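Student: When you get a sec, could you build the whole thing from the sequences and use the hints?
Its first residue numbered 1, the first sequence is counted upward by one per residue in the UniProt record's numbering.
I should point out that these hints are in silico values taken from the structure, not numbers from a laboratory.
Careful: at least some of the hints might be erroneous.
[Claimed, not checked] Label pairs and their in silico Cβ distance ranges:
hint	residue 1	residue 2	range
1	Ala140	Asn78	33 to 41 angstroms
2	Val127	Arg104	21 to 29 angstroms
3	Pro137	Arg116	28 to 36 angstroms
4	Asn78	Ala120	37 to 45 angstroms
5	Gln118	Pro86	41 to 49 angstroms
6	Glu150	Asp11	23 to 31 angstroms
7	Asp11	Arg113	14 to 22 angstroms
8	Tyr71	Glu122	18 to 26 angstroms
9	Tyr32	Arg116	23 to 31 angstroms
10	Thr139	Val12	24 to 32 angstroms
11	Asn36	Asp74	13 to 21 angstroms
12	Lys92	Gln41	19 to 27 angstroms
13	Arg94	Arg132	13 to 21 angstroms
In this text, all values refer to a predicted model and were calculated from it rather than measured experimentally.
Positions of the beta carbon are idealized from the N, C-alpha and C atoms, including for glycine.
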Amino acid sequence: MQYWLMKSEPDVFGIDDLQKVGIEPWDGVRNYQARNMMRDQMQVGDQVFFYHSNCDVPGIVGVAEIATQGYPDDTAVNPEAKYFDPKSDPNKPRWYRVDVKFGRKLKRTISLRELREQTALENMPLVRKGCRLSVMPVTADEWQAILALE
DNA sequence: GCCAACGTTGGC
DNA sequence: GCCAACGTTGGC
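Tutor: Here it is in structure tokens:
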């Protein structure tokens, strides 16, 4: 079992949206590092921190769970889709997604600002300047340290 | 294979 | 809205 952190913009799809639908295909990821993690490493039951980016108070707002292994993201080969990638060959999928299941909302938002102050978290890619990875691994120690802040 | 130009992310 | 960081593209 592994731990992850996944970013989402609350204006587009936030933790409340996930709570409403219960389970959501995490499509639209068009970054190879993130793709590789979803395709190769994520397992059903892995735990996920749900992170709100690009908003008033960026931070961790909830816990979710990986509900499927990686499978091809067919929005990449759908010309109608927002995240259509004309260079993705339908017969040789370039992009992958997983399904993410709602777990719970944290009692409060653990802000990026607060996360930055924790020495236990200084190695997280998230707190590094200019981190644009939308999916990243979290160690067991980091997971515990973050939950302890709640 | 180098690297400048460009587009996107995301904190502030 | 600004802009730094960084990934991708494409000319050479």
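Student: All the hints need checking, so say for each whether the structure fits it.
Tutor: Hint-by-hint comparison with the structure:
1. Ala140 <-> Asn78: 33 to 41 angstroms: Between Ala140 and Asn78, where Cβ atoms are some 38 angstroms apart, the hint holds.
2. Val127 <-> Arg104: 21 to 29 angstroms: holds, 23 angstroms
3. Pro137 <-> Arg116: 28 to 36 angstroms: Since the Cβ atoms of Pro137 and Arg116 sit about 18 angstroms apart, the hinted range of 28 to 36 angstroms is violated.
4. Asn78 <-> Ala120: 37 to 45 angstroms: Holds: the Cβ-Cβ distance is about 42 angstroms, inside 37 to 45 angstroms.
5. Gln118 <-> Pro86: 41 to 49 angstroms: holds, 42 angstroms
6. Glu150 <-> Asp11: 23 to 31 angstroms: The hint (23 to 31 angstroms, Cβ to Cβ) holds, given that Glu150 and Asp11 are roughly 24 angstroms apart.
7. Asp11 <-> Arg113: 14 to 22 angstroms: With Cβ atoms ~20 angstroms apart, the hint holds.
8. Tyr71 <-> Glu122: 18 to 26 angstroms: 35 angstroms Cβ-Cβ, so the 18 to 26 angstroms window is violated.
9. Tyr32 <-> Arg116: 23 to 31 angstroms: holds, 27 angstroms
10. Thr139 <-> Val12: 24 to 32 angstroms: holds, 28 angstroms
11. Asn36 <-> Asp74: 13 to 21 angstroms: holds, 19 angstroms
12. Lys92 <-> Gln41: 19 to 27 angstroms: holds, 21 angstroms
13. Arg94 <-> Arg132: 13 to 21 angstroms: holds, 19 angstroms
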